[in-house]
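Undergrad: Below, each chain spelled out in residue letters.
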Amino acid sequence: MAAIMKVSPFKWIFIGASAFLSLLIFVFPLFAAATYSFRGEAGKGRSLANYRWLLEQDGFYPNLFASLKLAAIAGILTLLLMVPTMVFLNLKAQRFKPLIDFLCILPLIIPVVSLAIGAQVAMPEVIQNSEYELVFFFVIIALPYTYRAIDTSLQTVQLKTLVEASRSLGASWFATILRVIVPAIRSGILGALFLAFALGIGEYTITSLLHWETFPTWTVVAAQQNILGAIAISVFSFIGAIALLTLISLLSRRGTKRESLESENEGALS
Amino acid sequence: MTGITRRVSSTLELSGVSRFFGQVRALDGLDLKVNPGELVALLGPSGCGKTTALRIVAGLEHASAGNLTVNGVRYNETPAHQRDMGMVFQSYSLFPNLDVTENIEYGLRARKIPARDRSKRVSEMLALVELGSKAKAFPHQLSGGQQQRVALARALAIEPNVLLLDEPLSALDAQVRSQIREEIRRIQIELGITTLFVTHDQEEAMSIADRVGVMNHGKLEQIDTPIELYTNPSSPFVASFVGLANRIPGEVTAAGGVRILNQSISLSRAVSTFAPGTKITAIIRPETLILTSENDPDATRGLIALKSFLGPLTKLGIAVEGSPLIHINISSSDVKHLEIGQHISFKVAASEVMAEHA
Amino acid sequence: MKSGVVETPRKTQGGRLGSQVFPLLPFFAFTGYFLIWPVLAVTLRSLRGNEGEWTFSNYTPLLHGSYLHAFTTSIKLSLITSIIGSLLGALFAYVVVRYASGKFSAVLDSISAVFANSGGVPLAFMFIAAFGTEGLVTRVLKTLGWDIYAGHFTIFSFTGVVMVYSFFQIPLMFLVFKPAISGLRKEWLEASTNLGATQVTYWRRVAIPMLLPSFFGAFFLLFAGGFSAYATARALTVGTVPLVPIIIGTLVDGNVVSDQQNLGDALAVGMIIVAGVAMIGYVWAQKSAAKWRQS
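Residue numbers (our numbering), protein chains in the order written: chain A, 1 to 270; chain B, 271 to 628; chain C, 629 to 923.
Since the hints were derived computationally from the structure, they do not count as laboratory data.
Just so we're clear, the structure is a prediction, and the values are computed from it rather than from any experiment.
The C-beta atom is built at its ideal place from N, Cα and C for all residues, glycine as well.
Treat the hints with caution; some may be incorrect.
[To be verified] Pairwise CB distance ranges (calculated):
| # | chain 1 | residue 1 | chain 2 | residue 2 | range |
| --- | --- | --- | --- | --- | --- |
| 1 | C | Thr868 | A | Ala175 | 40 to 48 Å |
| 2 | A | Trp173 | B | Glu564 | 30 to 38 Å |
| 3 | B | Gln449 | C | Thr826 | 34 to 42 Å |
| 4 | B | Tyr362 | C | Ser729 | 19 to 27 Å |
| 5 | C | Ser647 | B | Ile459 | 53 to 61 Å |
| 6 | C | Gly677 | A | Glu164 | 54 to 62 Å |
| 7 | C | Ser729 | B | Ala575 | 31 to 39 Å |
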């Protein structure tokens with residue numbers, strides 16, 4: 001590759017331009033928000049005043065816990081629904097793949113606002129009167145991402161061989177899924193769990209349109225009293241989410257690292 | 271001949287060609303001359319530098335040191351796309367968005383060859399690789415073997431100086447592999463094109479090449495005709511890499527020979543001498559082991575642990591104390607009375623053996 | 629080679645349709661009830677008048693005046709931001725795939741995922757901190773001699789929304805498009821070079837034709853996403869820019885008289901229709917590659 005690259009002085013133009021743009025568009029605003037959030041009272045000096053203010057608010061803990069709870073349930077429900085479905089789909093019912101592909105991309109296409117209106121029309125009172133109503137819609141909204149995550153990791157394992165080996169050794173279907181398939185696709189499962197969770201934590205549209213209060217909707221209300229406090233929440237949730245996601249992706253990479261390292265060496269030397 | 275015009279065959283020469291990746295010497299002073307119309311195979315384990323050598327010839331990597339010439343002209347600085355070398359990759363190198371015809375004429379378009387000449391050339395190439403019926407197929411509609419034939423046609427369409435084959439058969443099924451291998455050789459001889467072929471499969475290298483270069487740790491260990499390589503390996507590495515070999519433990523005697531099993535045998539000249547008493551591993555080809563009578567003073571007794579029928583030959587695995595399972599090839603007509611579990615006597619029927627430090 | 633392998637299981641599966649559907653029922657039931665049914669329900673109700681009669685009258689306000697303006701503004705906004713997002717996101721994806729290490733690229737994936745998916749509300753506040761009148765970027769640019777507030781610019785304007793939407797459109801494109809770039813095998817560039825073609829030829833004849841379907845597919849996803857985005861604009865503008873989702877939001881929040889409820893339904897269905905057109909574009913983009921794409 002090195003020799004080919006010689007003809008390309010574009011390399012540094014590309015890298016430079018992207019570095020500059022991403023700095024301007026992403027790093028700088030995040031940095032700006034961070035500095036703002038540490039601004040002292042009356043805009044002077046550095047302090048944790050905004051974070052303290054945040055923690056003192058009555059709504060902070062209840063709403064944070066409500067969001068954590070709903071998001072966690074959404075993550076678990078996603079796995080319960082999607083793992084068996086995807087395993088079976090890839091194993092025995094390939095012909096339904098296009099249909100399920102389509103259903104899982106739909107939530108990206110159907111505006112969440114429209115879905116919210118539809119939910120008000122279509123859901124019976126029992127569901128509408130419970131905050132757990134949100135869980136179902138978090139699962140739906142996360143579907144395009146969770147589906148992709150599980151599907152990708154299923155594609156990389158020899159699913160059929162694994163199942164046949166396990167079944168021929170006398171394992172039940174239940175044991176096969178739990179003890180063979182789940183460990184084999186744990187990176188995808190972890191990814192799906194996190195995606196559903198992250199989406200649930202940050203979901204605003206359907207929550208506010210269905211008149212529920214969670215952490216994000218509370219943030220918007222709180223911002224009307226103290227914009228710096230709202231910025232502090234934003235920074236807090238952003239850094240937290242990025243750190244968590246990075247940790248998970250690096251952890252799940254560990255499993256596959258050996259293989260990829262080996263193949264890299266192969267490419268360089270053989 | 272299929273009426274394909276071709277240039278006079280070229281000579282490809284590498285002298286002292288090296289490639290360093292940081293501390294790693296992927297290729298360490300390779301000297302190699304491929305004569306006009308010759309097919310030379312570079313053979314070696316993964317990581318031995320054979321692919322690096324090929325990629326340097328193609329211009330896909332640059333040499334850290336050394337000279338690369340074609341017909342005496344230095345090529346080191348020639349950009350890859352001006353080298354006129356046809357290369358066939360391991361797999362997946364066809365452009366998936368182009369059909370077979372477009373793939374084959376890709377290099378011709380790059381050379382601004384007019385459409386009429388292009389289509390003539392494409393049909394010649396398709397005839398050469400016997401894929402006339404697939405002209406409009408897309409790569410994913412072809413089998414692995416067909417894809418590699420198209421890749422060969424595409425590489426040959428530009429009338430290259432040199433044909434470079436980078437493990438072109440390794441992704442194929444065993445049966446298809448030998449078929450395409452023969453096809454490559456037929457076409458190569460027909461066109462008389464100078465060819466460098468890289469593989470890790472010794473059977474492949476031995477069956478297709480005029481000469482085989484065995485590489486290890488970035489160096490060329492030996493380059494010779496297949497038969498010479500097999501019968502006169504220059505090092506234990508070559509001996510054990512080329513063909514099947516038993517590795518039998520032994521010890522160097524005071525007389526400078528080696529004692530293995532029950533016999534004393536002289537050491538091959540190609541091996542530097544060991545001090546008496548050194549523990550060595552002797553490399554013995556299965557066919558130099560013969561069955562003998564129990565009374566033979568040189569005989570070693572063992573137990574038949576394995577018997578596998580290979581057509582004209584049958585391979586016996588013999589368990590001997592203090593040695594890994596020893597393989598012997600004998601004519602299948604002589605094995606009727608031999609059964610697994612039976613005791614048997616055999617000896618080494620060679621006057622010299624290759625050995626390395628145990 | 630594969631055709632035989634693919635066809636055989638299909639044939640044997642033919643008779644077992646029922647047993648194949650059965651384990652998929654929970655999924656079909658779930659998506660049917662929580663995704664398809666709400667869409668159907670709102671569509672049906674939007675076609676009913678105040679007396680419960682079938683009518684298209686709920687849709688008439690959409691065809692002129694402020695509601696039509698809202699639709700054109702929303703479409704314009706999502707067009708502009710998906711063009712910006714797809715171009716810059718594709719550039720970033722290319723640079724990262726080509727030059728970044730695996731670990732760095734994994735970190736960028738996480739950051740992009742957060743920006744693209746869970747950012748809605750926080751993005752708006754971050755944007756205020758950066759580009760607001762007192763924002764850090766604003767002040768830095770001012771010291772460099774560019775006062776972005778010299779003209780009519782405010783972050784609560786259309787331009788402001790375009791900027792803040794880029795915060796999630798670019799990372800979304802990055803995530804969606806990166807696999808397509810990674811899918812370009814290094815053998816293709818090498819084969820092309822070996823055959824005597826320049827890099828320009830390689831891009832023109834191989835790389836770009838291969839990337840275009842994914843690019844357009846991603847573009848339409850961005851369009852649909854930008855069109856239906858609600859949280860960011862809501863948190864930022866509080867209604868200063870007339871976007872369809874925001875209008876629906878105010879209708880839902882207010883004390884709904886039944887006229888407005890019907891209007892809300894019609895607006896919601898109108899959004900589905902616009903997004904559906906984007907979906908057709910997406911499917912078209914996928915189909916156009918089917919000729920040469922595997923499986």
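Undergrad: Evaluate each hint against the coordinates.
TA: Structure-based check of all given hints:
Against the hinted window of 40 to 48 Å, the Cβ-Cβ separation of Thr868 of chain C and Ala175 of chain A comes to about 59 Å, which falls outside the hint. For the pair Trp173 of chain A and Glu564 of chain B, the supplied restraint of 30 to 38 Å is violated, since their beta-carbon distance comes to about 60 Å. At about 36 Å, the CB distance of Gln449 of chain B to Thr826 of chain C agrees with the hint of 34 to 42 Å. Here the CB-CB span from Tyr362 of chain B to Ser729 of chain C is close to 24 Å, well matched to the stated 19 to 27 Å.
The hinted range of 53 to 61 Å is satisfied by Ser647 of chain C and Ile459 of chain B, whose Cβ atoms lie roughly 57 Å apart. Between Gly677 of chain C and Glu164 of chain A the beta carbon distance is about 60 Å. The supplied range of 54 to 62 Å therefore holds. Hint check: Ser729 of chain C to Ala575 of chain B, Cβ distance near 51 Å, so the stated range 31 to 39 Å is violated.
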